[in-house]
Amino acid sequence: MKKSTLSPELKKKIDNKRHWRTIRHTKAHEEARLQRRREKRYRGQRSLWAFEVKAPSNISLYHPRDHERTVRFLEELRRSFSRYRRIRLCFQDTKQITAAGGLLFIAEIDRLCTHYPAVKVDCTRPPRRLNGKFKNESYLIESVLNQIGFFKLIGKPERSVPSYPNVSCWHLSQGRVAEGSIAGSLINQVDGKLPPIAKQRLYRGAIEAISNCVDHAYPTMRPDGLNISDDRWWMFVGISAGKLIVIVCDLGVGIPSTVPKNYSKASVRAVLEFLNISKPTDSGLIHASTYLSKTRTKMKHRGKGGKDIRELLDHYAGAALVIYSNKGCFKDGNKMTRSGTKHAVALKDEQKKSIKGTVIEWTIPVGELSL
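So the sequence shown is residues 1 to 371, counted in the numbering used here.
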């Protein structure tokens with residue numbers, strides 16, 4: 001057998017190379033390799049789909065910047081359903097889905113999937129994230145999408161991911177008529193131990209909002225260019241961070257469009273003057289609608305209008321009301337200043353883009369419901 005003719009220096013270099021080759025497949029290297037494979041596979045799959053709609057980092061209405069990005073995302077979603085036969089929703093960058101934004105999003109998806117059944121919808125699932133000091137794995141966004149029924153709507157199987165208390169607390173319902181039994185059963189699901197008077201007040205506010213959707217929100221087609229006839233409403237109820245939250249959404253023409261048609265000019269002008277609102281913006285008309293009492297249905301048991309919607313503010317010190325409609329936003333609550341006077345009603349500036357519908361949200365501390 002021939003002896004090796006390698007020099008000691010070359011032999012040492014080869015041994016070092018073999019050594020590093022055996023240990024280089026660490027966890028970090030393996031993760032990077034798998035990520036490259038996933039990206040390569042994703043690029044190949046993406047080419048099979050006609051259009052991709054990328055979700056924003058925060059699907060939310062609460063902050064002006066998030067509000068605009070969410071509305072732009074929903075506009076792009078509507079355009080893609082009307083133009084393409086295959087689309088893909090990408091949630092790679094999504095880090096938060098709030099209650100109001102999530103309800104508006106699922107209402108849009110429900111409406112589009114119902115009226116474009118031939119469109120094939122796929123999605124890129126939200127990636128797991130490492131949160132907190134100890135970098136714990138989190139599947140929060142995918143858990144939210146499971147809870148609101150997103151994967152069922154697009155016909156994609158749900159994966160088994162951890163359940164989170166601030167996600168599993170939400171209960172969703174939708175309908176076409178103002179059925180009190182739906183609102184009542186939904187409120188009972190949240191907490192069966194609520195006092196009867198609290199349930200009654202919550203029921204009245206919720207059923208009034210649902211009735212407004214049924215009676216006022218759909219006098220004509222929604223001005224989004226799709227020519228879809230869908231007069232449904234959607235509702236969330238849940239307890240989060242010690243507060244009961246009730247949210248009702250419709251995809252109609254919006255409160256600012258219905259107020260001038262349903263009420264006389266004199267009535268609207270009188271309410272705006274009473275509220276010291278000089279310009280009838282979307283926010284101002286939303287505020288005025290909470291004081292106008294005449295209903296389009298002329299029914300005797302109705303006609304309270306904003307009275308039932310605002311009633312919770314009169315009975316619970318920590319209650320708050322927020323209404324988004326088209327480009328406007330109206331906020332009211334019982335927060336007190338240091339001098340002991342109530343904060344003025346907050347009317348947000350007009351948004352650049354319209355949500356093309358209405359979202360009404362009540363928030364009440366759970367501890368006050370037993371008083």
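By construction, these hints were calculated from the structure, which means they are not laboratory data.
All of these numbers come straight from a predicted model, not from anything done at the bench.
Please note that a few of the clues may not be correct.
[Claimed, not checked] Here are the computed lysine-lysine pairs in the DSS-like style, where the Cα-Cα straight-line distance is at most 30 Å:
no.: 1; residue 1: Lys11; residue 2: Lys95
no.: 2; residue 1: Lys348; residue 2: Lys261
no.: 3; residue 1: Lys353; residue 2: Lys265
no.: 4; residue 1: Lys135; residue 2: Lys243
no.: 5; residue 1: Lys54; residue 2: Lys17
no.: 6; residue 1: Lys331; residue 2: Lys279
no.: 7; residue 1: Lys352; residue 2: Lys54
no.: 8; residue 1: Lys331; residue 2: Lys348
no.: 9; residue 1: Lys95; residue 2: Lys265
no.: 10; residue 1: Lys261; residue 2: Lys95
no.: 11; residue 1: Lys348; residue 2: Lys279
no.: 12; residue 1: Lys279; residue 2: Lys265
no.: 13; residue 1: Lys353; residue 2: Lys54
no.: 14; residue 1: Lys265; residue 2: Lys243
no.: 15; residue 1: Lys95; residue 2: Lys17
no.: 16; residue 1: Lys12; residue 2: Lys95
no.: 17; residue 1: Lys261; residue 2: Lys352
no.: 18; residue 1: Lys95; residue 2: Lys243
no.: 19; residue 1: Lys152; residue 2: Lys265
no.: 20; residue 1: Lys17; residue 2: Lys152
no.: 21; residue 1: Lys95; residue 2: Lys331
no.: 22; residue 1: Lys279; residue 2: Lys95
no.: 23; residue 1: Lys120; residue 2: Lys135
no.: 24; residue 1: Lys261; residue 2: Lys331
no.: 25; residue 1: Lys120; residue 2: Lys17
no.: 26; residue 1: Lys54; residue 2: Lys95
no.: 27; residue 1: Lys11; residue 2: Lys54
no.: 28; residue 1: Lys11; residue 2: Lys120
no.: 29; residue 1: Lys261; residue 2: Lys353
[Claimed, not checked] Here are the in silico distance ranges between beta carbons for each label pair:
no.: 30; residue 1: Glu368; residue 2: Pro127; range: 16 to 24 Å
no.: 31; residue 1: Tyr62; residue 2: Thr220; range: 39 to 47 Å
no.: 32; residue 1: Gly242; residue 2: Arg37; range: 42 to 50 Å
Glycine included, each C-beta is placed from N, C-alpha and C at the ideal position.
Consistency of the hints with the structure:
Distance restraint check for Lys11 and Lys95: the Cα-Cα separation of roughly 52 Å exceeds the 30 Å cut-off, and the hinted pair is therefore not satisfied. Our distance criterion of 30 Å between C-alpha atoms is met by Lys348 and Lys261, whose separation comes to about 23 Å. With a C-alpha separation of about 26 Å, the suggested pair Lys353 and Lys265 falls inside the 30 Å cut-off, and the hint holds. A distance of roughly 28 Å separates the Cα atoms of Lys135 and Lys243; the hinted pair therefore holds under the 30 Å criterion.
A distance of roughly 44 Å separates the Cα atoms of Lys54 and Lys17; the hinted pair therefore is violated under the 30 Å criterion. For the hint linking Lys331 to Lys279, the alpha-carbon distance of about 17 Å falls within 30 Å, and the restraint holds. Distance hint between Lys352 and Lys54 is fulfilled; the C-alpha atoms sit about 20 Å from each other, no more than 30 Å. Of the supplied pair hints, the one linking Lys331 and Lys348 holds, its CA atoms being roughly 8 Å apart against a limit of 30 Å.
Between the alpha carbons of Lys95 and Lys265 the distance comes to roughly 45 Å, so the proposed pair goes past 30 Å and is violated. Distance hint between Lys261 and Lys95 is unfulfilled; the C-alpha atoms sit about 40 Å from each other, more than 30 Å. Taking the CA atoms of Lys348 and Lys279, the gap is near 14 Å; set against the 30 Å cutoff, the hint holds. Between the alpha carbons of Lys279 and Lys265 the distance comes to roughly 14 Å, so the proposed pair stays at or under 30 Å and holds.
With a C-alpha separation of about 18 Å, the suggested pairing of Lys353 with Lys54 holds against the 30 Å cut-off. This hinted pair does not check out: Lys265 and Lys243 have alpha carbons roughly 39 Å apart, beyond 30 Å. At roughly 42 Å between alpha-carbon atoms, Lys95 and Lys17 are farther apart than 30 Å, so this suggested pair is violated. Annotation: proposed proximity of Lys12 to Lys95 is violated, straight-line Cα distance about 50 Å (limit 30 Å).
Simply put, Lys261 and Lys352 have alpha-carbon atoms about 24 Å apart, close enough for the 30 Å limit, and the pair holds. Restraint check for Lys95 and Lys243: satisfied, since their Cα atoms lie roughly 23 Å apart, inside the 30 Å limit. Restraint check for Lys152 and Lys265: not satisfied, since their Cα atoms lie roughly 46 Å apart, outside the 30 Å limit. Restraint check for Lys17 and Lys152: the C-alpha separation of about 52 Å exceeds 30 Å, so the hint is violated.
Proximity of Lys95 to Lys331 is assessed by CA-CA distance (about 26 Å); at most 30 Å being required, the pair is judged to hold. Restraint check for Lys279 and Lys95: not satisfied, since their Cα atoms lie roughly 37 Å apart, outside the 30 Å limit. A distance of roughly 36 Å separates the Cα atoms of Lys120 and Lys135; the hinted pair therefore is violated under the 30 Å criterion. Between Lys261 and Lys331 the alpha-carbon distance is near 23 Å, which keeps this suggested pair within the 30 Å criterion.
Straight-line distance between C-alpha atoms of Lys120 and Lys17 comes to about 51 Å, which puts the hinted pair past the 30 Å bound. Restraint check: the Cα-Cα separation between Lys54 and Lys95 comes to about 13 Å, which is no more than 30 Å; the hinted pair holds. Only pairs whose Cα atoms come within 30 Å are accepted, and Lys11 paired with Lys54 is rejected, the gap being roughly 54 Å. Distance check on the hinted pair: Lys11 and Lys120 sit about 60 Å apart at the alpha-carbon level, beyond 30 Å; violated.
At roughly 22 Å between alpha-carbon atoms, Lys261 and Lys353 fall within 30 Å of each other, so this suggested pair holds. The given range of 16 to 24 Å is broken by Glu368 and Pro127, whose C-beta atoms sit roughly 39 Å from each other. The hint said 39 to 47 Å for the Cβ distance between Tyr62 and Thr220, and at roughly 29 Å that hint is violated. Range check, Gly242 to Arg37: Cβ separation about 44 Å, and the 42 to 50 Å hint holds.
In summary, the structure is inconsistent with hints 1, 5, 9, 10, 14, 15, 16, 19, 20, 22, 23, 25, 27, 28, 30 and 31 from the numbered list given earlier, while agreeing with the others.
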